[in-house]
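Asker: One-letter residues, chain by chain:
6 protein chains.
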Amino acid sequence: MSTLGSIAIGIAIAEAGEEAETLISEARKLGYKAIRSQVGSMSMDKVIAAIETASRREGIISDTYHQEHALYHAIIDALLGVCRGQLELGNIVRTVGLSYSVVCGPIKSDCNREENWIMVVLYGTIGAPIKGFEHEAIGLGTYHIDTR
Amino acid sequence: MSTLGSIAIGIAIAEAGEEAETLISEARKLGYKAIRSQVGSMSMDKVIAAIETASRREGIISDTYHQEHALYHAIIDALLGVCRGQLELGNIVRTVGLSYSVVCGPIKSDCNREENWIMVVLYGTIGAPIKGFEHEAIGLGTYHIDTR
Amino acid sequence: MSTLGSIAIGIAIAEAGEEAETLISEARKLGYKAIRSQVGSMSMDKVIAAIETASRREGIISDTYHQEHALYHAIIDALLGVCRGQLELGNIVRTVGLSYSVVCGPIKSDCNREENWIMVVLYGTIGAPIKGFEHEAIGLGTYHIDTR
Amino acid sequence: MSTLGSIAIGIAIAEAGEEAETLISEARKLGYKAIRSQVGSMSMDKVIAAIETASRREGIISDTYHQEHALYHAIIDALLGVCRGQLELGNIVRTVGLSYSVVCGPIKSDCNREENWIMVVLYGTIGAPIKGFEHEAIGLGTYHIDTR
Amino acid sequence: MSTLGSIAIGIAIAEAGEEAETLISEARKLGYKAIRSQVGSMSMDKVIAAIETASRREGIISDTYHQEHALYHAIIDALLGVCRGQLELGNIVRTVGLSYSVVCGPIKSDCNREENWIMVVLYGTIGAPIKGFEHEAIGLGTYHIDTR
Amino acid sequence: MSTLGSIAIGIAIAEAGEEAETLISEARKLGYKAIRSQVGSMSMDKVIAAIETASRREGIISDTYHQEHALYHAIIDALLGVCRGQLELGNIVRTVGLSYSVVCGPIKSDCNREENWIMVVLYGTIGAPIKGFEHEAIGLGTYHIDTR
Chain A
1 MSTLGSIAIG IAIAEAGEEA ETLISEARKL GYKAIRSQVG SMSMDKVIAA
51 IETASRREGI ISDTYHQEHA LYHAIIDALL GVCRGQLELG NIVRTVGLSY
101 SVVCGPIKSD CNREENWIMV VLYGTIGAPI KGFEHEAIGL GTYHIDTR
Chain B
1 MSTLGSIAIG IAIAEAGEEA ETLISEARKL GYKAIRSQVG SMSMDKVIAA
51 IETASRREGI ISDTYHQEHA LYHAIIDALL GVCRGQLELG NIVRTVGLSY
101 SVVCGPIKSD CNREENWIMV VLYGTIGAPI KGFEHEAIGL GTYHIDTR
Chain C
1 MSTLGSIAIG IAIAEAGEEA ETLISEARKL GYKAIRSQVG SMSMDKVIAA
51 IETASRREGI ISDTYHQEHA LYHAIIDALL GVCRGQLELG NIVRTVGLSY
101 SVVCGPIKSD CNREENWIMV VLYGTIGAPI KGFEHEAIGL GTYHIDTR
Chain D
1 MSTLGSIAIG IAIAEAGEEA ETLISEARKL GYKAIRSQVG SMSMDKVIAA
51 IETASRREGI ISDTYHQEHA LYHAIIDALL GVCRGQLELG NIVRTVGLSY
101 SVVCGPIKSD CNREENWIMV VLYGTIGAPI KGFEHEAIGL GTYHIDTR
Chain E
1 MSTLGSIAIG IAIAEAGEEA ETLISEARKL GYKAIRSQVG SMSMDKVIAA
51 IETASRREGI ISDTYHQEHA LYHAIIDALL GVCRGQLELG NIVRTVGLSY
101 SVVCGPIKSD CNREENWIMV VLYGTIGAPI KGFEHEAIGL GTYHIDTR
Chain F
1 MSTLGSIAIG IAIAEAGEEA ETLISEARKL GYKAIRSQVG SMSMDKVIAA
51 IETASRREGI ISDTYHQEHA LYHAIIDALL GVCRGQLELG NIVRTVGLSY
101 SVVCGPIKSD CNREENWIMV VLYGTIGAPI KGFEHEAIGL GTYHIDTR
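Protein chains in written order, with this note's numbering: chain A, 1 to 148; chain B, 1 to 148; chain C, 1 to 148; chain D, 1 to 148; chain E, 1 to 148; chain F, 1 to 148.
Treat each hint with caution, since some may be false.
Since the list can't tell identical chains apart, any single copy or any two copies may satisfy a pair.
[Said to hold, decoys possible] List time: in silico EDC-like cross-link candidates among lysine to aspartate or glutamate, alpha-carbon distance up to 16 Å: (1) Lys108 with Glu26; (2) Lys131 with Asp63; (3) Lys108 with Glu134; (4) Lys131 with Asp45.
Don't read these hints as lab results, they were simulated from the structure.
Take the sequences, apply the hints, and build the full model.
Answerer: Following this line, the structure appears as structure tokens:
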């Protein structure tokens, strides 16, 4: 049995390329929708917009308000983990370089397949805009997105 | 090359038992101090105290204020990721069941071995005090702890 | 045309008795589920539990995790409006006396009737535990709950 | 008997035009100062400045620091209810369209007419900068402004 | 010329006894009301109640809601400086030992003597409940209290 | 015996010129590194950058990540005291005019001289961008920076 979190965290922390692709394939075989990409910025809005755009383009969410709303709140919650206290980047002189996954499906792979949740995991570095002056961070947000 | 974060996240999300033990052994071979345990509670203070006690008992930190201070702030930052916005559990009717790792060493395994950072990763579930009414969460905090 | 918010705010700020009952009846005729009650406490958990219990007992939500999760987040968001900054009551020496409504249905009464949202509105007083040393407050939270 | 909150909420949620004008007239007959207007923006500073400017121009507050300070904190508290957790709009990719009231007078219409409080109520929608991808929100802030 | 802040900070950070008494006397000669005391606790509510009780008993505030409200918000703002992010003590395993001043009068000693503000300054240590495992902290809150 | 806090607060609240210079000299005689300067802005990032730049230029911190990290967190904590709840300036229409000190050394002047902490104290005014519409504020942040 897999969990939505183990799948989404696994994909977000995997190395780009073969390792990530294998995990995405496995997730899809279990019936999950899953994408992975990167974003780096000092602007919070660019991070949010990048994840929303990729999710829509890749068909993780449909063009409905309630799905967009669930994704948005999942992104904000994941950013709270990365930012730890203040949802701010450039205006408090810090920048992020993040891999992220967006995964959609049941909370556990072996039960209650009618309820789908969306999960966003962000993983990477946060720090001063000086090379090497940064440390790792992670964040996860999840909301119910639909009922099959 | 490994990073402090990949080690600490890996240990926290590993299954208890052989998988976790193997990762801890590998981390120690790279020169990292590392522990892993579980804690579940509706009381934030019990979660914090459990991690502090285990870290002292297992020798992750020494009995000095600056090391305790670094660990404490790493725990609080990790809890901010788990709690996403409000550092509260039982008083807002939610409970956590968490695995956690505490890892100590350089930010990257292959460089700057004079600077040691401490990292706390929390991974598990958060939700209502009703079985099955919970979802996954993760958090990570890290501070500099000492210079060799 | 009515909106979910105008219905839920109207019921929460109405006087108990005939005025509130009339508004609830009108909401039900439009296809909305709606309840109204009161709760007063210095304990945040008692406020949350009272609203959750009433909502389950009155059939506003079913006994599923995703509906409980949506209600929970709506309550927390509404409390953020009442508390304005710190999600705390007795431990910062203040108490609330609140009327509340929980309403379920489409965002607007005349369209998109497939998407149901749940909304919690809290209205009443917050202040020192001294009679008359209190002022009014209001809060609203809303999440998608189901698709018909 | 009316309360400052019932007056200010009533005016803020009323439909623009006759309904709002009637409520403002009634409030003024009871000795309250009251205004109502609209503001929509992705910039928090524009929302705040619009309410401050209208309040000064309409004579709700005098040109004294302590009155400006009370109004400012009432606006911020009201925005906390609208924003629910993070006092941010455009930089986390959301926008508001708000009606607001600013009302000044005693906490209850029938007593203690020496103490005047200022109250700001914001009501409208918050959401993604996409038409229809938004839900309702409300917020209220109030501080003592003067003693007659 | 003195400022409300320089008086209140000076009294709060002075050594108990002669140094503090001299500063309080000087403040009173300038027309300010001023008190100083200590409080130590892991319970936020005990800290707040101690300052409120002393302020009422010593006549810094009268028994009116708007003065209690101004004092309360000044205490909360000062605690935000001491706590830096989370308004919590014992439930996140930390304790405070604080000196505090409560001072009432004009913002500047040489002008606008009609507007009185109340200021609370907290100064002392915050840390783990282990002797020596603590560092210093300070906080200041101020609100308008009355117009002469 | 002096404490790191009494030194850093003393320097930050001193009048610019002779009074401040004397306190800095005394601190240096006790083995502390200490600087003092001013910054005023509606941009949080300019405040942070000014303090970081001065600290590096004056040799308070070395060009290492862990020292920059400790300074950064001390600045953020000090700003939380000044801002009291929301780490924002211009985007919520307020501005600061601050004196600040950055001091480095043991927590107490007479013991444990191996542990050095860095402390940032900010003191000045915060308020509307209108002359005279501002009040005083203070904030302090401190982290361990190095072990001798």
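Asker: Would you mind marking each hint as holding or not holding in the structure?
Answerer: Status of each hint after checking the structure:
1. Taking the shortest alpha-carbon separations for Lys108 and Glu26, only the intra-copy value of 14 Å comes in at or below 16 Å, while the best inter-copy value is 29 Å.
2. For the identical chains of this complex, Lys131 and Asp63 are inter-copy neighbours only, at 12 Å across copies versus 39 Å inside a copy, given an alpha-carbon limit of 16 Å.
3. For a Cα distance limit of 16 Å, the shortest separation of Lys108 from Glu134 across copies, 11 Å, qualifies, whereas the shortest one inside one copy, 34 Å, does not.
4. Taking CA atoms no more than 16 Å apart as the test, Lys131 paired with Asp45 passes in neither setting, with 22 Å inside one copy and 18 Å between copies.
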